[in-house]
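S.K.: Chains as they are written, first to last, in the working numbering: chain P, 1 to 333; chain D, 334 to 658; chain E, 659 to 1061.
No lab work stands behind these hints, which were simulated from the structure alone. The reader is advised that the hints may include incorrect statements.
Stated by the list, open to error - Incomplete in silico selection of chain P near chain E, CB under 8 Å:
hint, residue
1, I150
2, G152
3, V250
4, T289
Unchecked claim - Taking lysine-lysine pairs in the DSS-like style, the calculated list, with each CA pair at most 30 Å apart, reads:
hint, chain 1, residue 1, chain 2, residue 2
5, E, K961, E, K825
6, P, K156, E, K914
7, E, K961, E, K805
8, E, K1015, P, K156
9, E, K805, E, K784
10, E, K1026, E, K804
11, E, K835, E, K972
12, E, K934, E, K805
13, E, K972, P, K156
14, E, K914, E, K735
15, E, K735, P, K156
16, E, K693, E, K784
Beta carbons: idealized from backbone N, C-alpha and C, even for Gly.
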Amino acid sequence: MAAVSFTRGRAWSIPSVWIVWAVIAGGCLFLVIGSIESSLFLQQTISGLANGGIYAGLAVALVLIYRATEVINFAQGAIATFTTYVAWQLIAWGLSYWVAFACTLGVAFLGGFALELGAIRPVERRGSQLTVVIASIGLLILIEGAIGRIWGNQVKFMPAPFPARIYHVGGAAFSLQDLGTIGVSIASVVVLWLFFQFTKLGLAMRAAAVRPHAARLVGIRVSWMLSLGWGLAAALGAVAGMLAASSPSVLLQPSMMDGILIYAFAAAVIGGLESAAGAVIGALAIGVTLNLLGSYVSWITPPLLLPAAFVLMLIVLLVKPSGLFGRTRTRRV
Amino acid sequence: MRLPRSTLFGIGAAVVATVVIAVLPLFLSDYHRSTGATVGVFFTAILALNIVTGYSGQISIGHGAFMALGGYTTAILTHDHSWNDIATLPIAALIGLAAGLVVGLPALRLHGVYLALTTFAVALAVPQIAKNYSGFTGGTEGLALPTHSGLWLYRTSWLVAGIAFVFAWLLLRGRTGRAFRAVRDSEIAAASSGVGLAVYKTLAFGISAALAAVAGSVYVLVNNFVNPDVFGLTLSLYILIGAVVGGLGSLWGVLVGACFVELLPIGLTTSHVSSSQLVPVVFGAVVIAVMAVVPLGAADVLRAALQFGSRTSESVERPLGTTEG
Amino acid sequence: MTRRSKGALAMALISAAVLATVALAGSAATPGVSKSTIVIGGTFPLTGPAALYGVIPKAENAYFQYVNAHGGVNGRKISFKVYDDQYNPANTVPLTKKLVQQDHVFAVYGSLGTAPTLATRDYLNKAKVPQVLVATGDSYWGAQYKKYPWTIGFQPDYPGESRVYGKFIATKVPQAKIGVLMQDDAYGQNYYDGLLQGLGDAKSKVVDVEKYDATQTDVSQQVVKLKASGANVFALFALPTQTIDALVVTTKIGWKPTTFINNVSASPLFMGLAIKSGANVDGDISATYLYDYINNPDTAISKQYTSILSTYDKGGDPNDANNLYGVASAWTMVQALKQAGPNPTRAGLMNALTHLKAVNPFLYPGVKLNTTPAERFPIDQQILEHWQNGAFHPFGHIFAKAR
């Protein structure tokens, strides 16, 4: 069968990835110059990056699920919130932060695995991707309700993994927490990359996602790979949730991740739904852009900032319909 | 091609349904009539979504945005300019049509999940825009409209739903419908058969948005109030759930879908402060269960019943997402 | 059957039907009131983004159960129906209709949120159903009573509260340069307008106003600009999430203004969260009208408060001022029901609520419940409080008639 490239438009003479990196580099240069010029600009950039770090964690989890199962998981944020509550509960029961953290990762992994087995696989078996998306919406509603039922409505405090230290650079302040959140997101991208590129399991997961039939023929248990994908994504989400909850701008409550999920989707789309690195770049870009727009462009009044993130997403999609680092879709005839 | 039996059955079912819907309010209280009116609103909205997602294969999880356009049109015209309620409906439809065409054009460049997420973005952006231009829209405090009796609301809502249904049925039976289905099943085959992809895909969005806008107008009349929270993400998600539960690519399942998303949560509603949080748990679980047991929706069950076990490949509508390799 | 027995049967059936109709008509006299129960109900955000206020109906329910356990109101037990509207008026309207037409409530009590209350105000007033002690600080409920006589609020309104801050700044903070952070909608505008009114001629002291949208949880961008404007007074009119963030960011960037926090977000619970996240809130000022439970934990009323929560609302944290609000509101409802007498009618309830003169033990001593038919703000007084040594301490005098 001949593969036909279905993307209409000019043929790029320069590989498009280079152009993308050039644009990103240009953006960074703009930020650096602005920061040198004005410490207010620097502060806004840093705060924006910190916000982006919070979105990035969840965005990477979304990308992971999408890569493993080709499904947009609407419940990703709610799962992250649930696991964060589990961490809170363990800490409330007396465990130290890092022990609770580790246990939560385990619980999240098992939970995600079990969710896929129990809730998604029965749906996947006979339905289409859209059916699975609907099931994920059902899961979102279910989990948020369950959180409220189990832990009540009152907002709770989630301690931070980083010591509360503030640094001052060039007239701007940032906390170790801000840095740490961004760092953890980048680290998770690196870890995922290493996992997928260099481990047998990672390779098996990639095969199961892209060519399930062929993968089965070489002995890969495709269904276990899907469950594994959900488990890993849940663990990543748990980390994202715990970091978000401990940041001052997010309170631990059942709807905690609702707003973050929205930006995480936008970030994942901007980066290209199959690229974890793209998701992080997208998230940071959104965070910084919104802060700068809010600060310097007065006609973009606060309610318009959320749509602005999507305008950014739309601009990227119109130029690169599969996101910055997404694979151009080829469709077989 | 349809078996003659199923066409007869279809017409018979439509007549029965119309009679039941027309007569039902006589047996209902004012409150239940209002509820029935809301089912009618979801009927029209799910019908609208079906046109663009079920029939022309373009996934939209943002129909709440089109409903918002219609809803705000009606609210502003009635509240600020003393228009008659019903007279605003055609205007809402026109505005919806325009918006749908506007969204449909860039949508041509996007496929599958990227299109879905773009419509998701539109669904979130519209309430924010409504919040922003609060002088015009009432902002977060919204606009309060005159109340109507349950009977008036029921009749208006189902009259609109009925007109929408007949319109959709006629449209989908004809050349346009065939073109939509061709686009959904295989864009490449459709294009090579001379179907103007851009025209039909955009048209699908436009018509779908027009119907959704009218649904939004009636929604605002039923609740005699509008503010950005009325048209939040939840609404778009519920319409999508209703469309899939009813069965995409089928007009008959729409009624089931509408009843599902409107009546089930109400049926679960409890007045005990401590059990309220169980309602979403049960509803979510039911949605998942329905997807597991009846993934192609109620319409599929209906179809299976009609064919009495003999299922040919062409009479089964292919579900979305399984056509690409 | 013989003709005679058919006739007898017919008579019996007709009599039964007549009696049934009379009985039904009789019980329809005052909806929601029977010999043993009064049914009231309201709509609240128990799930969704505003769910943190969902603790309020739980606290109110706790108080009603306490009253029921101690004899009820004029011999009747209160049945409190709570529906979850998720702060979405499209849910509030049908749920309110349900309360009125299916649950036959005597009154719609405590409904939470401005938009949800506005959405149902027309319907309830048309149907002459009391819409009472609504949980929102908008001024509409007290100001528009001529058009909506069946609606009445409870808490001091937002403009009244910020007027107090304005007056305080004008008189006590010379050389004030005020920076305002407000929500970019009617909620924020309410506080801002009140502040300007309270400032009076000192209006020009406002040097910068920054706004945020409820979907933005991080307000560091705005706080940074406020610091850059040179402000030394920070008027923080935000919801709890953004308030906590603003307090933390203020400390983080080394800004040390005199901060005024709106009452809704100044609950000890939220202040505690801010402190744990690194905020230094010493000296921050707010206003209150509720009993000072934190500093007087051993008084009889504090003990009653905590015991009501621990007995009937087990998840309820006494430090969450929303719980105290709920108990105070429920006390007011019970008081009004008592005043409405042994044969309460809806009109009688409104009459009681517009002739309210009572001392609510759950309010700050000296703050009284006071309404007249022309003055329909049940609570009109507040006292300023500032944060010291880990808690808010009221200071100064009670600001009366902050209108």
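S.K.: Look at each hint and say if it fits the structure.
M.R.: For each hint, the structure was consulted:
1. I150: The hint is violated - I150(P) has no Cβ within 8 Å of chain E, the shortest such distance being about 10 Å.
2. G152: holds (4 Å)
3. V250: holds (6 Å)
4. T289: violated (12 Å)
5. K961(E) with K825(E): Between K961(E) and K825(E) the Cα gap is close to 35 Å, so the pair fails against 30 Å, i.e. violated.
6. K156(P) with K914(E): holds (27 Å)
7. K961(E) with K805(E): Not OK: K961(E) and K805(E) at ~42 Å, beyond 30 Å, violated.
8. K1015(E) with K156(P): Roughly 38 Å separates the two Cα atoms, so the pair is violated.
9. K805(E) with K784(E): holds (11 Å)
10. K1026(E) with K804(E): holds (24 Å)
11. K835(E) with K972(E): Violated, at roughly 45 Å.
12. K934(E) with K805(E): It is violated: about 47 Å lies between the C-alpha atoms, which goes past 30 Å.
13. K972(E) with K156(P): Distance of about 16 Å is within 30 Å: holds.
14. K914(E) with K735(E): violated (52 Å)
15. K735(E) with K156(P): Violated, at roughly 34 Å.
16. K693(E) with K784(E): holds (27 Å)
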